[in-house]
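Next come the chains, spelled out residue by residue.
There are 8 protein chains.
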Amino acid sequence: MDTEIRRLLEEVQKGSVSVDDALLKIKTEPYEDLGYAKVDFHRKFRQGMPEVIYGAGKTPEQILGIINSMRGKGQDKILITRLSEEAADFLSNQQGFEYKKDARLVTIGYKSKADGIGKIVVATGGTSDIPVAEEAALTAEWYGNEVVRLYDVGVAGLHRLLAHKEEIMSASVIVAIAGMEGALASVIGGMADCPVIAVPTSVGYGASFGGLSALLSMLNSCASGVSVVNIDNGFGAGYLASMINHMI
Amino acid sequence: MDTEIRRLLEEVQKGSVSVDDALLKIKTEPYEDLGYAKVDFHRKFRQGMPEVIYGAGKTPEQILGIINSMRGKGQDKILITRLSEEAADFLSNQQGFEYKKDARLVTIGYKSKADGIGKIVVATGGTSDIPVAEEAALTAEWYGNEVVRLYDVGVAGLHRLLAHKEEIMSASVIVAIAGMEGALASVIGGMADCPVIAVPTSVGYGASFGGLSALLSMLNSCASGVSVVNIDNGFGAGYLASMINHMI
Amino acid sequence: MDTEIRRLLEEVQKGSVSVDDALLKIKTEPYEDLGYAKVDFHRKFRQGMPEVIYGAGKTPEQILGIINSMRGKGQDKILITRLSEEAADFLSNQQGFEYKKDARLVTIGYKSKADGIGKIVVATGGTSDIPVAEEAALTAEWYGNEVVRLYDVGVAGLHRLLAHKEEIMSASVIVAIAGMEGALASVIGGMADCPVIAVPTSVGYGASFGGLSALLSMLNSCASGVSVVNIDNGFGAGYLASMINHMI
Amino acid sequence: MDTEIRRLLEEVQKGSVSVDDALLKIKTEPYEDLGYAKVDFHRKFRQGMPEVIYGAGKTPEQILGIINSMRGKGQDKILITRLSEEAADFLSNQQGFEYKKDARLVTIGYKSKADGIGKIVVATGGTSDIPVAEEAALTAEWYGNEVVRLYDVGVAGLHRLLAHKEEIMSASVIVAIAGMEGALASVIGGMADCPVIAVPTSVGYGASFGGLSALLSMLNSCASGVSVVNIDNGFGAGYLASMINHMI
Amino acid sequence: MDTEIRRLLEEVQKGSVSVDDALLKIKTEPYEDLGYAKVDFHRKFRQGMPEVIYGAGKTPEQILGIINSMRGKGQDKILITRLSEEAADFLSNQQGFEYKKDARLVTIGYKSKADGIGKIVVATGGTSDIPVAEEAALTAEWYGNEVVRLYDVGVAGLHRLLAHKEEIMSASVIVAIAGMEGALASVIGGMADCPVIAVPTSVGYGASFGGLSALLSMLNSCASGVSVVNIDNGFGAGYLASMINHMI
Amino acid sequence: MDTEIRRLLEEVQKGSVSVDDALLKIKTEPYEDLGYAKVDFHRKFRQGMPEVIYGAGKTPEQILGIINSMRGKGQDKILITRLSEEAADFLSNQQGFEYKKDARLVTIGYKSKADGIGKIVVATGGTSDIPVAEEAALTAEWYGNEVVRLYDVGVAGLHRLLAHKEEIMSASVIVAIAGMEGALASVIGGMADCPVIAVPTSVGYGASFGGLSALLSMLNSCASGVSVVNIDNGFGAGYLASMINHMI
Amino acid sequence: MDTEIRRLLEEVQKGSVSVDDALLKIKTEPYEDLGYAKVDFHRKFRQGMPEVIYGAGKTPEQILGIINSMRGKGQDKILITRLSEEAADFLSNQQGFEYKKDARLVTIGYKSKADGIGKIVVATGGTSDIPVAEEAALTAEWYGNEVVRLYDVGVAGLHRLLAHKEEIMSASVIVAIAGMEGALASVIGGMADCPVIAVPTSVGYGASFGGLSALLSMLNSCASGVSVVNIDNGFGAGYLASMINHMI
Amino acid sequence: MDTEIRRLLEEVQKGSVSVDDALLKIKTEPYEDLGYAKVDFHRKFRQGMPEVIYGAGKTPEQILGIINSMRGKGQDKILITRLSEEAADFLSNQQGFEYKKDARLVTIGYKSKADGIGKIVVATGGTSDIPVAEEAALTAEWYGNEVVRLYDVGVAGLHRLLAHKEEIMSASVIVAIAGMEGALASVIGGMADCPVIAVPTSVGYGASFGGLSALLSMLNSCASGVSVVNIDNGFGAGYLASMINHMI
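Protein sequences appear in the order of chains A, B, C, D, E, F, G and H. With the working numbering, the residue at position 221 of the first sequence is 221, and numbering never jumps. With the working numbering, the residue at position 232 of the second sequence is 1232, and numbering never jumps. With the working numbering, the residue at position 242 of the third sequence is 2242, and numbering never jumps. With the working numbering, the residue at position 165 of the fourth sequence is 3165, and numbering never jumps. With the working numbering, the residue at position 68 of the fifth sequence is 4068, and numbering never jumps. With the working numbering, the residue at position 193 of the sixth sequence is 5193, and numbering never jumps. With the working numbering, the residue at position 24 of the seventh sequence is 6024, and numbering never jumps. With the working numbering, the residue at position 108 of the eighth sequence is 7108, and numbering never jumps.
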């Protein structure tokens, strides 16, 4: 940022740029304002990853407007999360549009080449946690990571988890996804020597209180190296896993 | 109960017992009323185990009164739980009085002979859970059980737990005690083929919310055969474990 | 486990088993991996009771896959819990399939012979608690227990409960099921001399907060011998009751 | 109120009272303003019972100021609740001052003659609930009621409660006080045919969450005729019980 | 009870009743057991008011069965609460059946003559609280009370409430019903000199958390003489108000 | 009020008004009582702003009755909030009726001229918060304020917010609306030198717990000058903003 | 900000300021960095009010360092909130230091002249709320406002509040402070035609849950014009009241 | 693991290792059992980082025992967290013992050389968050990381944070620590392009509910790349940051 301003100031000094133009440049908004949304174009450079559209709470028309705005700026890769089937139908004729129903995820554009440090393991406690896991796994793959899926390896049948000890011990990052008592994160956290991203899910009933039980469990994990994202936040976990897997 | 009343009725019919005496017998209260407490003598017969004095919230004087009332009725074995050190000092000259400071537990009278079906395993996730575990273990021993202590076998270092697979798989009943994320109950529940009594503890900080995290975790255990008692309720777990270990 | 490994090692020593075969045997997974589920076959031996399919959150197709996997391994007795009517319709043509709509429970295969220590009493506070009670009772019966049903014996009409004093006092294990204030567990716990498994239900409104009131009530029971399972967890209570009723 | 204003208006019409005097009278404040407190003198007439001083959160000096203000207006009977021992020491030389340490209650002036419809039963689940019970009982006695104390009759030993069936069934109002699971209110509510005022107490530990468990339990009581006051609010229960026991 | 047993014992003594008959009489259940419900006939005598059917969570068929059981015992007055429109349709051809849709309340049989001590005021904070208020008012009327309805007198427009000062100050019992901040109970409690039964409602949104806000507010009322029932529990309030209004 | 009563008293003194007429005037209720609602006409003078109809929980017929009552008293400007589409259809033929579907808001009558001190900025964290924002913005406009809308300026893309620094720093009042973590209020509160009204929204999922997360966040704002209204309460924020923007 | 940058750019263009100096000026931090704190000097200009030191959680030494830093920049008026007595003793020899023990508030420097639009009323429900009220009142006075204190005017004695109708109806801003049920804010909100800032306090016991009851109550206020600050946040309320009272 | 077992099997095959020795080796416990604690020696290899002693809830004697056990196995670098001053005094004469009082952290042995990918930024919202921050920073330094401390950069004074844009944008990992509304994590998360570990603190009062507010806020962060650890868990954040900073 500094260098940009310095260069600008030097041009003002040299007279090659006028005061008004410089002022304008400093103030130019790095996003397009659609009224209902401000589409962010600098993010790609600022954070190294293109903008993602969070689909929940937006009308299909609003989402289409955002897609068009992105494309108008040459953004050819777009990820849309939490998209309802209805909205997906409305948008399905967009070029390159691919909808994964379970994960409620849309990708537009080609998947990045897997070029991370190692593999990302996505593990779930049960079968019902799979939609959240797919949101995480597909996100990670889209951002250029090789993903190993270990589904239904909950701690109540420890041998199922232990049978995958090698995948767990050789992973670069692990996403541990579980509802109910959420113990999976602690057990995996104790076995692995890499960062573990815990995702509590709303799977369960009664005293699971919509994922609160798994959330508290994971926050209190006695294993080191474990951190937690929001309940059912598969995207957030996949995104962070990719970020860690692409450290230098 | 029926047979008692039938016998009484028959004696009334025969004339060997008067109406007033019969009425009195039916109404006789099976406890001594000390005003501040009603000491229960029928319990021994009703539930097979003598009365226990819950020490918290009672003055030392009240506790002494209850002890004396029990002894007056020939009760020679008494257990007192949650007794503060101050109260223990006040009562320490009572005959047979033994105070375990960590567990805040008092026994008066000899320990019962271990005659249960098998062994009771008392396991803890960490070192800080030991006071609750000792309350459970000492209670179980006092009621006549052999107890195996497995302390600091939390799930974040799974090999510590797996090293004791044999004790766990051959136990008659297991008491699984843990604070923080409380995952121990689920993992043990998945390994064992006997009833597991889970005791959440208030060990932890922050989002453990005084044991709420471990409590919810244990209630949501995906392992079958697990049930839960109140936070820090070592006595309740030890008592129930003994009850189960003495089935027929 | 030890003996198995010892025998294997001895065969390796004798040369009757090759290193690779031994390695394979040690690593062979005792479950079938369907991708979305890992069907567990060792459980029957490990825990003495065959695998149960938790129906909620699984598609009918996934459940069918699991059933087929089990049958392929000779598992002829299967229990499915929390199965929606729709899923039950999809699966209804499976051989031996029996669906109890109230309890949302499916049994495949014959019911075990009742061979427990004694009888299991399943009691409810009100009429609305019956679906949970039936889940518990049918589970217990399926695992080979005689069940006595005492429905609508809530504490606000104590004489209804007291009229069944004999069933309660002679039970081997009691499952006490109640919503609202959940006082049934404490009152039964005080009358009985056997383990009481308390099941809070989500029956009620307002400050029952989806079963939280009954749950807290039961966890704080002042009666000894009471433990608690998750809200509406009839299966868990029935399974544990059977386990206790089959001690030695 | 109407008649007072009518009379005043008539006097203004007649000229026997000036406009300014009438205005003043309408506006005259029926309390003394001490700055930190507004002592209420109309209350005695408005509600039939003299003002009570809630001691918690007031300095001893403030309380003394309020007492003096009351006495200055001829108030000879004063009740002070939740008074710490320190404040009680400071005020102990006041004439007629009587401090009940357990109940943290002060009475100044003679106790009213018991003239209610019938007897008020104050019952507790355990010994630790007695301080709250004494606050209720002493309050009721001070307002002119005969009180029957039934302490330590918790539902886990039902025979202790049933032995007092007659007191319960012949009571005019019952105050049911319990911590932990708070089941006492429901059981008494089912036995009695009079209003039951339930007082949850903060007695307990772990999942009693400072009285929340008993509070929810009592609010969800399936017995009719039960209403609830705040946790540990012995005064409120005693006051309301007296009000009901003095219905014309 | 005593006198009954005494008489029975005397007849056994005289030989006019056999032991077996006496035993039977003592054991005869004062209710009819329908399997799914135990219909209570002693309640009328025990509590002075006939059984009420809580409609929620029961099938129309179960309710019909209970009605028939009651009528078979000569119970000609029945109240059904929380009955859905569907169930009401199913039962509508029952003799004397009257359904108040707003209050979801059914009365069978004639309304009792109003013979209470005074009038019961039923007040609401807003228009949306009226269904709960009607449940309370109709219940009170059915049990023989004159009811004054003061609807939409919430504290944010104090003059609307003050305009009804006379009704409030002359009431025998007041039922104060409000959602949102629930301040109505405190304000009325400060104006009235009679018992106030506060009913929090689930009316509101956001931080009203389904009635929790009003519930806590009412429990913390600084006005004396206020007690609280469950959220939306109009029946409970009307029943208790009638009980208080019929104190000898 | 004083002056009115004084004038009335003077007229009584002069004999130009009779006692009965004076009494009537003092007692005349400044609202119309529709039974289910008390329509308030004094409010316009008491609070400077006409009555608003809260549409939720009222039947279309009740709302129509209130509208007619208002019009009968010459009220020509009416605001209706939280009106469902169904109710809006029912009322749509009312003269001057305008329904904004997103904001669920109805205006009847002309919008007031913008005459506030300055501009009111209404800002949202995301696109999904717009319905609440429109409720606030339209309310403020209706009460005579110029509104600047800044939508989708959440803190995760700070440059979007900083680009509007001028609007924020020159605002008279700011309404900051956000769900999820609700950080917008603090960041704006730190940038602005005017009152900030924070509106948490129920936008989000998982640990947003229906707006609780944003609510707590905003209440704990470390920026001075921030206060909070109920979750999703756009109307309340717009109304208060207008009030502040019309200070003398 | 714009004009500053424009001027700087013009000077760069003219050559009167070098590129490096301009870069430095743009980057110069408008605060002093003490390591443990960044003392903010621009705030006075940015927000019109000087920095306030939040005393809780800072060591006396840290606070002294911040005072010195401020004074070094010519800041002669400093407000310190939530200062413990111990810290106040440590700092008491600072020039102009004045400590109000109840409010835990320190002022350094002269109080601003009262120059607001009108008067700020600070009202409390009870005597125990006074410390919070004093924090609000002293803050408002320090920032140049005339404050009217109305203490102990809780809604349970409505006449105490109504006696001050004139102060309330003529106020410019009102700070309504109450614990327990927090109804004061709604009642005042309905009487006043100015902004009402509600401050819940932690005064109360049992179900007040540390101020949660009053907080929820105030957030759900049915009166318009009410907004809420954090529990016990007297400073925040006084600061905001002053801000509103100084709207141009 | 596989290769180890394979080698062992090969040696058994060759006869160079006996069956019993092989069995022993497979079973040898990789920890020392002190009874109250199981000291873990494999962890160093398993997770790449030596064991850490969690000091809270352990007696000084227990901690000493663990230290000695570690040293006996050649562990020369030990970290102790959450150590009270009393315990630190007891242990202070241990060789190499260094106690940081604020962070309640002990290091034994030399600090590792900083060899991470880049710098770890540790930022706090306020001065009161520093103890937690120091726990994180010292932990990260001890594990071989260069740490940049940015304290008191809370979002309410955004320029303080923006002044450090360069440190934030060039960081390898950021630990964002804040209490109260916890907005710091979102704002930093939006600025940075590296993983952000959010640590909620218990700093605050009232509705911060011991850190719950900041915790929920951080979990709901709308910025991508943010994950959360337990309230006040500085160690966990520092450890995880180091792990990420040492990827390959």
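Among these hints, one or two may not hold up.
Stated by the list, open to error - Footprint (simulated), chain C over chain D, 3 or more residues, beta carbon under 8 Å:
# : segment
1 : 3107-3115
2 : 3154-3163
3 : 3212-3220
Because the hints were derived from the structure by calculation, they are not lab data. A quick note: this is a predicted structure, and the numbers were derived from the prediction, not measured. We put the beta carbon where it would ideally sit given N, CA and C, even for glycine.
Quick rundown of the hints versus the structure:
1. 3107-3115: Violated, because only 0 residues of the segment 3107-3115 of chain D bring their Cβ atoms closer than 8 Å to Cβ atoms of chain C.
2. 3154-3163: n = 5 at 8 Å, threshold three: holds.
3. 3212-3220: holds (count 8)
This entry does not satisfy hint 1, going by the numbered hints stated previously; all others are met.
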